[in-house]
Amino acid sequence: MVTMQDLATPATNTWCPGCGNFGILMAMKRAIVQLGLEREKVVAVTGIGCHGKMTNYIKVNGIHVIHGRVLPVATAIKLANRELTVIGFAGDGDAFNIGMGHFSHAARRNPDITLVVHDNLIYGLTTGQTSPTSKRGLKTKSTPRGVFEVAVNPITQALASDASFVARGYAGDMRHLTELFKEAITFPGFAMVDVLQPCVAWNRINTYDFYKERVYKLEEEGHDPTDLMKAYERGREWGDRIPIGVFYKVERPVYRENFPVLKGAPLARQKLDGIDISGLLKEFA
Amino acid sequence: MKCIGFRDNSVSFLVGGQAGQGITRSGSLLGKALMRGGFHVFGANDYPSVIRGSHNFYVLRASDEEVHSQADTVDLLLALNKETILLHKDELTEGGGIIYDEQTELSKGELERGDINMYPVPLNAIVEEIGGPSIMRNTVALGAAIALVGFDAEIMKGVISDTFAGRGGIIEMNHRAVEMGFDYARENYGDGFRCRLEPSGENPGRIMLTGNDAVALGAIQAGCKFYAAYPMTPASPVLHYLAAKDMEAEMVVIQPESEIAALTMVLGAAYAGVRAMTATSGGGFCLMTEALGLAAMTETPVVLMIGQRPGPSTGMATYSAQADLLFTIHASQGEFPRVVVAPGDVAECFYLTMEAFNLAEKYQVPAIILTDKYLIESHKSTEPFDPGKVGIDRGDLLIVDEWTDAEEYKRYKITESGVSPRILLGTRGATVLANSNEHTEYGYTTTDPERVMAMGEKRFRKGNALKKEVEDLNPVKVYGAEDAEVTIVGWGSTKGPALEALKMLRRDGVKARFVQVVYMAPFPAEAVGAALKGGGKLLLVEANRTAQLGALIKLNSGFTFEHFLSKVDGRPFNPGEIYDKVKEVL
Ligand SMILES: Cc1ncc(C[n+]2csc(CCOP(=O)(O)OP(=O)(O)O)c2C)c(N)n1
Ligand code: SF4
Chain A
1 MVTMQDLATP ATNTWCPGCG NFGILMAMKR AIVQLGLERE KVVAVTGIGC
51 HGKMTNYIKV NGIHVIHGRV LPVATAIKLA NRELTVIGFA GDGDAFNIGM
101 GHFSHAARRN PDITLVVHDN LIYGLTTGQT SPTSKRGLKT KSTPRGVFEV
151 AVNPITQALA SDASFVARGY AGDMRHLTEL FKEAITFPGF AMVDVLQPCV
201 AWNRINTYDF YKERVYKLEE EGHDPTDLMK AYERGREWGD RIPIGVFYKV
251 ERPVYRENFP VLKGAPLARQ KLDGIDISGL LKEFA
Chain B
1001 MKCIGFRDNS VSFLVGGQAG QGITRSGSLL GKALMRGGFH VFGANDYPSV
1051 IRGSHNFYVL RASDEEVHSQ ADTVDLLLAL NKETILLHKD ELTEGGGIIY
1101 DEQTELSKGE LERGDINMYP VPLNAIVEEI GGPSIMRNTV ALGAAIALVG
1151 FDAEIMKGVI SDTFAGRGGI IEMNHRAVEM GFDYARENYG DGFRCRLEPS
1201 GENPGRIMLT GNDAVALGAI QAGCKFYAAY PMTPASPVLH YLAAKDMEAE
1251 MVVIQPESEI AALTMVLGAA YAGVRAMTAT SGGGFCLMTE ALGLAAMTET
1301 PVVLMIGQRP GPSTGMATYS AQADLLFTIH ASQGEFPRVV VAPGDVAECF
1351 YLTMEAFNLA EKYQVPAIIL TDKYLIESHK STEPFDPGKV GIDRGDLLIV
1401 DEWTDAEEYK RYKITESGVS PRILLGTRGA TVLANSNEHT EYGYTTTDPE
1451 RVMAMGEKRF RKGNALKKEV EDLNPVKVYG AEDAEVTIVG WGSTKGPALE
1501 ALKMLRRDGV KARFVQVVYM APFPAEAVGA ALKGGGKLLL VEANRTAQLG
1551 ALIKLNSGFT FEHFLSKVDG RPFNPGEIYD KVKEVL
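Same order as they appear, the protein sequences are chains A and B. Once you know that position 244 of the first sequence is 244 in the numbering used here, the rest is easy, because the numbers rise by one and skip nothing. Offset between the second sequence (1-based) and the numbering used here: plus 1000.
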């Protein structure tokens, strides 16, 4: 049985003290331990940003890719070997700016993977520019007159893209986040967990105090996660009250079921000897 | 077997008409029939990027010896509309013929040539009589054409039966169309046409296919199990073929949202231990360049095919070019070893695709098969591919259930060869960490100068080993005279016209050599040097303006070219253009 100790790595942690990423890392490790996953069977795919350091800090398989490309890489790994539990970690910029083009397509395909969005509403690693989830009017280094654009709403974005599992967690509520991760990982299909992640260095507005006053749990208010319209309504809530929990979930056929070749052994385990294209040449003769 | 042409032992056909009239299909049916009758064939299409309404044509050349390209002139024109006659009459060989519908109104003034044999055939009337769709006029014209050259209608009918297998009505009507066109031409024109292509009576068993087909087959034979590609002319047929054959090939075939998704998916599959590939053209490759570097840094073996077309930007989607060579060998930031290989004919498309997969895995580098529209959309007859010739070599990939070494698995273990053993994800006792940041042996991010140096050196040691292996792979091919007065140097699809030019020069008693550079990266500097030595005058032939191979040769081998033949209108070189240039140089 894997323990918290087993999931530790020797890499020195370089996140700012107090960063919300610590909460996400801890909750993910706990989820893996509590689900009894083997670390060799888990693959973490990370984008570029502070969140991208996750692969350095958790002892599972990992690939730290390029900015915005977590989802196509994760989708393909799952197709290549369905025995693996594939978890993507992306920043809000990674997922909804440069990687936005992949987001709705991944949702539409419904691969059996999890996407954790480290949503700090700011660019962390590049030192404090606006992010697509920064609220309109926010002054940042790159927007001295305030953000002009309306913020991307990860929840309604995911719902509109037909994502089959849509949730939001909060990095300051470890127990709740761990449960959410467990549910997302075991959910068969594309599961997005948008995590409210305080960035203590660059986001002076969306702090732990900010969230502590506002977050409430959907499940405590009788939200029905099979009701799409209600999910939209809750998804648009952002003010004095900010909902966390599962907004919506619906089981749909997962992507790999479409491929006849994936019915047998995992692709990665298929033997390559004995291939002979001679029969295929007949149509050219 | 009898093969008589106007200038040599080859006969050239041109089938022309409107887009949507099935021009390429007709031309390739004729090619296949001639191939089954014992001839070697080469067929190339020319079409603008529209679905309907614009002029299309297909040139087909047949001979009793191997043909490598189209000819400079056309011997028999199959004109499915009047426009085809007007556009192509000047390409006709003296004494050549035109098959066209008898109702086409053509004044003497319009034709302007008295030396041409006119073969009006009631194309429309025959189709009406049969009650077939108007596209069947092509088949009538094919019947007439094979009658004129003394070929066998039964072989043509056999090709039709195979092509439309399962569609009885269509086959029957097309058979009648062939027969009626054939009979009409025999009765009215007899043996009047000079060119002869009389079959040998025995099918030598060759295959006729495009470079795209051959690359796709090469991928299947190489054990590629994952193919993701975004449609882009001229590379899309690989996607179409593999999508249609995914069951036989046991392959996952995907059309994702962009080329960025395509290559990053391929990379994900490859990281998980699957042989994976994508294909695109220049514009798509531009989008892939960042992921190409990711493959290099994470040491993930990915395979790409690029089908070049004229740029910049959208350029001419359905035409050909060789202007992306330097871009391809330099694409992406930083420095890293890669494989770039440029096949020059369909057989090389097959075998080099297999080599690309092996090199990619053995050295854990990206491998690119650099082709162009002319190569991958043209048909050529060739000997059936030998599935066992190249073999599968996955290099240091450990496929075991458990990692049992006392030492923990290190994805980027520093080794003498520079190659660090790979292991399948999911192997008990080992986790695999790949990283786009500079990393330690375990894969953890680092900026420590010593470790950074060691990892960079490891990657480049791999590159050196790769270079040595490529030197043994026949990276430069030499054709023609040993004691040459002139050496033509080229790469990729120019091989075809260059070999045809060699034939013409040989007939004239000119001692000429053709040097084909096959591997572009790692560049086979010594082999190129050896091939050029004692070659007389050097003539570089490339379908670009800036002599890109010339630049590589100068940089790596020190040779410079006084003479450069460039063609950048998107059309392939004609052999005669190379021949003329050689004559000018000498
Ligand atoms: C193609 C590309 N463009 C820009 C960058 C620079 N860059 C690194 S991280 C980042 C954004 C970080 O924001 P986010 O994705 O929200 O992650 P965070 O650091 O907040 O976790 C950018 C723009 C890059 N690495 N690659
Ligand atoms: S910059 Fe922000 S997101 Fe990055 S480590 Fe520091 S607190 Fe965390």
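It is worth saying that the hints were derived from the structure and are not from the lab. Treat the hints with care, since some could be wrong.
[Unchecked claim] What follows is a set of in silico ranges between Cβ atoms, one per label pair, in the way DEER data are often shown:
{"hint": "1", "chain 1": "A", "residue 1": "V200", "chain 2": "B", "residue 2": "E1438", "range": "26 to 36 angstroms"}
{"hint": "2", "chain 1": "B", "residue 1": "A1454", "chain 2": "A", "residue 2": "M229", "range": "34 to 44 angstroms"}
{"hint": "3", "chain 1": "B", "residue 1": "A1243", "chain 2": "A", "residue 2": "V250", "range": "46 to 56 angstroms"}
{"hint": "4", "chain 1": "B", "residue 1": "E1438", "chain 2": "A", "residue 2": "M100", "range": "23 to 33 angstroms"}
{"hint": "5", "chain 1": "A", "residue 1": "M100", "chain 2": "B", "residue 2": "L1086", "range": "24 to 34 angstroms"}
{"hint": "6", "chain 1": "B", "residue 1": "G1158", "chain 2": "A", "residue 2": "E38", "range": "39 to 49 angstroms"}
{"hint": "7", "chain 1": "A", "residue 1": "P188", "chain 2": "B", "residue 2": "P1384", "range": "42 to 52 angstroms"}
{"hint": "8", "chain 1": "A", "residue 1": "A285", "chain 2": "B", "residue 2": "L1397", "range": "32 to 42 angstroms"}
{"hint": "9", "chain 1": "A", "residue 1": "E283", "chain 2": "B", "residue 2": "E1094", "range": "34 to 44 angstroms"}
{"hint": "10", "chain 1": "A", "residue 1": "P188", "chain 2": "B", "residue 2": "A1244", "range": "22 to 32 angstroms"}
[What the hints assert, rightly or not] Beyond 12 angstroms from chain A on every Cβ pair, some chain B residues (computed):
{"hint": "11", "residue": "T1073"}
{"hint": "12", "residue": "G1168"}
{"hint": "13", "residue": "N1188"}
{"hint": "14", "residue": "G1388"}
{"hint": "15", "residue": "R1411"}
If you're wondering where the values come from, they're calculated on a predicted model, not measured in any experiment. Where a beta carbon is used, it is the ideal one built from N, C-alpha and C, also for glycine.
Against the structure, the hints come out as follows:
1. A:V200 <-> B:E1438: 26 to 36 angstroms: Since A:V200 and B:E1438 have Cβ atoms about 27 angstroms apart, the given range 26 to 36 angstroms holds.
2. B:A1454 <-> A:M229: 34 to 44 angstroms: Violated: the Cβ-Cβ distance is about 58 angstroms, outside 34 to 44 angstroms.
3. B:A1243 <-> A:V250: 46 to 56 angstroms: violated, 29 angstroms
4. B:E1438 <-> A:M100: 23 to 33 angstroms: Roughly 28 angstroms apart at Cβ, these two residues keep to the hinted range, so it holds.
5. A:M100 <-> B:L1086: 24 to 34 angstroms: About 51 angstroms separates the Cβ atoms of A:M100 and B:L1086, which means 24 to 34 angstroms is violated.
6. B:G1158 <-> A:E38: 39 to 49 angstroms: Once the Cβ atoms are compared, 59 angstroms apart, the range 39 to 49 angstroms for A:E38 and B:G1158 is violated.
7. A:P188 <-> B:P1384: 42 to 52 angstroms: holds, 45 angstroms
8. A:A285 <-> B:L1397: 32 to 42 angstroms: holds, 35 angstroms
9. A:E283 <-> B:E1094: 34 to 44 angstroms: holds, 39 angstroms
10. A:P188 <-> B:A1244: 22 to 32 angstroms: 30 angstroms Cβ-Cβ, so the 22 to 32 angstroms window holds.
11. T1073: Fine: 28 angstroms to the nearest Cβ keeps B:T1073 off the interface.
12. G1168: holds, 19 angstroms
13. N1188: holds, 34 angstroms
14. G1388: violated, 8 angstroms
15. R1411: violated, 10 angstroms
Violated hints, listed in ascending order, are 2, 3, 5, 6, 14 and 15; each of the other numbered hints is respected by the structure.
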